[in-house]
Amino acid sequence: MIITLEGTTSAKISAELVRVRQSAGSPAQGMVLTLIIVCDESEFPSALEASMAAGHEHPSRILLVVTAAGRNAGLDAEVHIGEGTPGEVVVIRMRGAVATHPASVIRPLLLPDSPVVIWWPGKAAHNRAADELAQLAMRRMTDAAAFPRPLAALKDRARDYIAGDTDLSWTRLTPWRALLAAALDQYPAKIKSVSIESERNNPSADLLAAWLRTQLKVQVTGKVSDGPGLTAVRLSTAAGDIAITRPDGLLASYAVPGQPERLVALKRRNFTELLSEELRRMDPDQVYERTVKSLLNGEPKSASKPAAKKSAAKKATTRTRTAAKKTRTTAGSRS
Amino acid sequence: MLVIFGVTGDLSSKKLMPAVYDLANRGLLPPGFALVGFARRDWAHQDFAHVVHTAVKEHARTPFREEVWQQLSEGIRFVPGEIGNEESFNHLAETIADLDEARGTGGNHAFYLSIPPGLFQTVVDQLRSHGLAEQHPGRWSRVVIEKPFGHDLASARELNRIVLSVFPSSSVFRIDHYLGKETVQNVLALRFANELFEPVWNNNYVDHVQITMAEDIGIGGRAGYFDGIGIARDVIQNHLLQLLALTAMEEPNSFEASQLRAEKQKVLAAARPPKRMDLCTARGQYAGGWAGGEKVKGYLEEDRIPPDSRTETYAAIRLDIDNRRWAGVPFYLRTGKRLARRVTEIALGFKSAPHLPFAKTDTEELGYNAVVLRIQPDEGVTLRFGAKVPGTQMEIRDVNMDFAYGEAFTESSPEAYERLILDVLLGDPPLFPQHEEVELSWEILDPVLDYWADLPEQPQLYEPGSWGPKIAEDMLARDGFSWRRP
Numbered sequence: 001m002i003i004t005l006e007g008t009t010s011a012k013i014s015a016e017l018v019r020v021r022q023s024a025g026s027p028a029q030g031m032v033l034t035l036i037i038v039c040d041e042s043e044f045p046s047a048l049e050a051s052m053a054a055g056h057e058h059p060s061r062i063l064l065v066v067t068a069a070g071r072n073a074g075l076d077a078e079v080h081i082g083e084g085t086p087g088e089v090v091v092i093r094m095r096g097a098v099a100t101h102p103a104s105v106i107r108p109l110l111l112p113d114s115p116v117v118i119w120w121p122g123k124a125a126h127n128r129a130a131d132e133l134a135q136l137a138m139r140r141m142t143d144a145a146a147f148p149r150p151l152a153a154l155k156d157r158a159r160d161y162i163a164g165d166t167d168l169s170w171t172r173l174t175p176w177r178a179l180l181a182a183a184l185d186q187y188p189a190k191i192k193s194v195s196i197e198s199e200r201n202n203p204s205a206d207l208l209a210a211w212l213r214t215q216l217k218v219q220v221t222g223k224v225s226d227g228p229g230l231t232a233v234r235l236s237t238a239a240g241d242i243a244i245t246r247p248d249g250l251l252a253s254y255a256v257p258g259q260p261e262r263l264v265a266l267k268r269r270n271f272t273e274l275l276s277e278e279l280r281r282m283d284p285d286q287v288y289e290r291t292v293k294s295l296l297n298g299e300p301k302s303a304s305k306p307a308a309k310k311s312a313a314k315k316a317t318t319r320t321r322t323a324a325k326k327t328r329t330t331a332g333s334r335s
Numbered sequence: 336m337l338v339i340f341g342v343t344g345d346l347s348s349k350k351l352m353p354a355v356y357d358l359a360n361r362g363l364l365p366p367g368f369a370l371v372g373f374a375r376r377d378w379a380h381q382d383f384a385h386v387v388h389t390a391v392k393e394h395a396r397t398p399f400r401e402e403v404w405q406q407l408s409e410g411i412r413f414v415p416g417e418i419g420n421e422e423s424f425n426h427l428a429e430t431i432a433d434l435d436e437a438r439g440t441g442g443n444h445a446f447y448l449s450i451p452p453g454l455f456q457t458v459v460d461q462l463r464s465h466g467l468a469e470q471h472p473g474r475w476s477r478v479v480i481e482k483p484f485g486h487d488l489a490s491a492r493e494l495n496r497i498v499l500s501v502f503p504s505s506s507v508f509r510i511d512h513y514l515g516k517e518t519v520q521n522v523l524a525l526r527f528a529n530e531l532f533e534p535v536w537n538n539n540y541v542d543h544v545q546i547t548m549a550e551d552i553g554i555g556g557r558a559g560y561f562d563g564i565g566i567a568r569d570v571i572q573n574h575l576l577q578l579l580a581l582t583a584m585e586e587p588n589s590f591e592a593s594q595l596r597a598e599k600q601k602v603l604a605a606a607r608p609p610k611r612m613d614l615c616t617a618r619g620q621y622a623g624g625w626a627g628g629e630k631v632k633g634y635l636e637e638d639r640i641p642p643d644s645r646t647e648t649y650a651a652i653r654l655d656i657d658n659r660r661w662a663g664v665p666f667y668l669r670t671g672k673r674l675a676r677r678v679t680e681i682a683l684g685f686k687s688a689p690h691l692p693f694a695k696t697d698t699e700e701l702g703y704n705a706v707v708l709r710i711q712p713d714e715g716v717t718l719r720f721g722a723k724v725p726g727t728q729m730e731i732r733d734v735n736m737d738f739a740y741g742e743a744f745t746e747s748s749p750e751a752y753e754r755l756i757l758d759v760l761l762g763d764p765p766l767f768p769q770h771e772e773v774e775l776s777w778e779i780l781d782p783v784l785d786y787w788a789d790l791p792e793q794p795q796l797y798e799p800g801s802w803g804p805k806i807a808e809d810m811l812a813r814d815g816f817s818w819r820r821p
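Protein chains in written order, with the working numbering: chain A, 1 to 335; chain B, 336 to 821.
So here's chain A without its partners, still in its complex pose (with noise of 0.2 Å):
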């Protein structure tokens, strides 16, 4: 059921869905969560479509924001409610002076003490810490491959983070992650250096990058290649590589020194699937904190410095370690 509000205020939209509920019956209800999506006309169906399949995994009122500039202040809604919607949709409009205090139209329509996501699908994501609505979330998710320089996109998100920020390009890391963690489990070798290879302006790349290299405190250098995506990532060790190579997007091969090339099924994965990961935790990601902040610092200075180099080469096995532990309890099993 589809039913449109216009020149409406959020007292008005709350009361359709309380309505809407009695009608059907007072079902019980079990929705977890408030997702707000903000996004432009552009980015609106495709974004509808995600986050309805996310709702069937986590139910959830969706509040998708689209703001609009203009000369006169309006507020349109459409509710859809039942018939294949899992938990409640709601459609906003905002034009004119309104959509410049979208805080104040949403504030009202989130469900009582449960977690706010907001997700930002497209570009709407500049300055979050202006961003009133970001305020009103415990996890914000941005995505930087949406961006024209998506690198840039991803030191801002560092440089404005605050405690529950992700970004998606890091949730499509996760089953590399996985993957690479679980390589170093079976084949503890020291890592002398790092290669990645992946399509040109490939955020994900960049945040891998900086995750090893941090992790590992070793050399990462990066090759442009065809894509799509990331195509490989080779760890060198003194007894060959460990190479994950995925040259089609869909499936990979793994190799680990002395033992038989493997192939793994590494696909591409579409919205749907990164932002029900995402929904599962609502705790901070603080190795994605880290990662992302790091990619501030620049390349590592100790390069420079050899006798500093040996030392960091040993405990580079040792975070090897707890890297891949860590990677195994926050994030392997979210693959």
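Please keep in mind that the hints were generated in silico from the structure rather than gathered at the bench. Ideal Cβ positions, reconstructed from N, Cα and C, are used throughout, including at glycine. Check the hints yourself; a few may be wrong.
Here are the computed distance ranges between Cβ atoms for each label pair [said to hold, decoys possible]:
(1) A/H56 - B/E771: 52 to 60 Å
(2) B/A524 - A/T4: 36 to 44 Å
(3) B/K695 - A/G249: 31 to 39 Å
(4) A/E6 - B/E771: 47 to 55 Å
(5) A/A24 - B/R557: 29 to 37 Å
Fit chain B to the supplied structure of chain A, relying on the hints for placement.
Chain B alone, transformed into the frame defined by chain A:
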């Protein structure tokens, strides 16, 4: 027969008259029912009937039916006049006598005082001197008064003295229209019909209680009434303290009026305001800005509000109840205008489990268990507990399990009024607060009001459409809690 004083008021046309019609429509009014309006207007009976007709058509909840209206309109009378005028009351007494004769009302009269408390004395004296307040066997004469029941303990006592000087205690009905009878009965049923909740309904398991009544609107056209009174007098004194009493009281021996009142009085007598008023109370005033998608005025910019008014539009206080069941459990009461959402609820927060056999990260997002009695809108009960998030990992998060009563007995719903009017006609007062309860409530609130009156500064401003001023958050944070988002 229902006689309404102040019949030209908003409340009368929006709530009372439609409720009377709805009752008639449901067949709950006796055939001889008569409605008499009294006000300072130069109206004839037909004019008044026309006003009632319009009010009914606009605000009644049940469909308009001509034959019901026919039945009702035959008993509608209007008496123009001044409250202080002898002549007017003679006229009123005549009208009532005529109706008793013509409609066979059996001499049963209910006087609804929808007028400022300052005029009570005059009206009550007039009723007495014209013999309208006399109690005869087999007939009844009742008086209905509305909140506010005074503005502090002294004035409440005075008001009670005035009313009780003429009407016996059992004939005085104090209407708190926020507290529909249905709600009260629901709370009582949940607490005392179940074995599930009673064992944990005490300080062994509950660590704090939050009672909230939030409105998303401003003061609207009530400037004259509201300014100088403030929301604590308007809401905490009656509504929130009644909810507190229902939540915290012991089990009554039966649901007889006297038993129920005894328990409510006991718990109100045990409740006390905190010693450190500066740490345990908070007040605020709404600023201008955007709320709910509309641009709204700040309290001081509202019409007919003096620009330096210190009247609070948000109030939060902590109360402690000194008895075996509740010692050590703080009760936090908050109410405000222009908050994010219109909602009334009682939330019992439970202590955390003594030991959690999980890794710290597994339970990082686990809050506290709660039983929430939702009063309005969407009346029901919510249980909040931790559950595992589906998947291979062990992540525990809070989930809500909701039960809805289905039909909304909301604050603005005339349905609440229908029940109230019906109870007055039937003489069924158990849920109306008696004067002892009113006085006990003022005893709790007076020290807080006095403390606020002495403060030199303005109440703290809060953003419209938010959940109140910062100072209220700090108040809970000091005790290690935080306000729920209701």
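Quick rundown of the hints versus the structure:
1. A/H56 and B/E771 have their C-beta atoms about 56 Å apart, which keeps the hinted 52 to 60 Å range intact.
2. In this structure the hint that B/A524 and A/T4 lie 36 to 44 Å apart at CB holds, the actual value being about 39 Å.
3. For the pair B/K695 and A/G249, the supplied restraint of 31 to 39 Å holds, since their beta-carbon distance comes to about 37 Å.
4. Separation of A/E6 from B/E771 is about 52 Å and conforms to the stated range, judged on CB atoms against 47 to 55 Å.
5. Checked against the given bound of 29 to 37 Å, the beta carbons of A/A24 and B/R557, roughly 36 Å apart, stay inside it.
No hint from the list above goes unmet by this structure.
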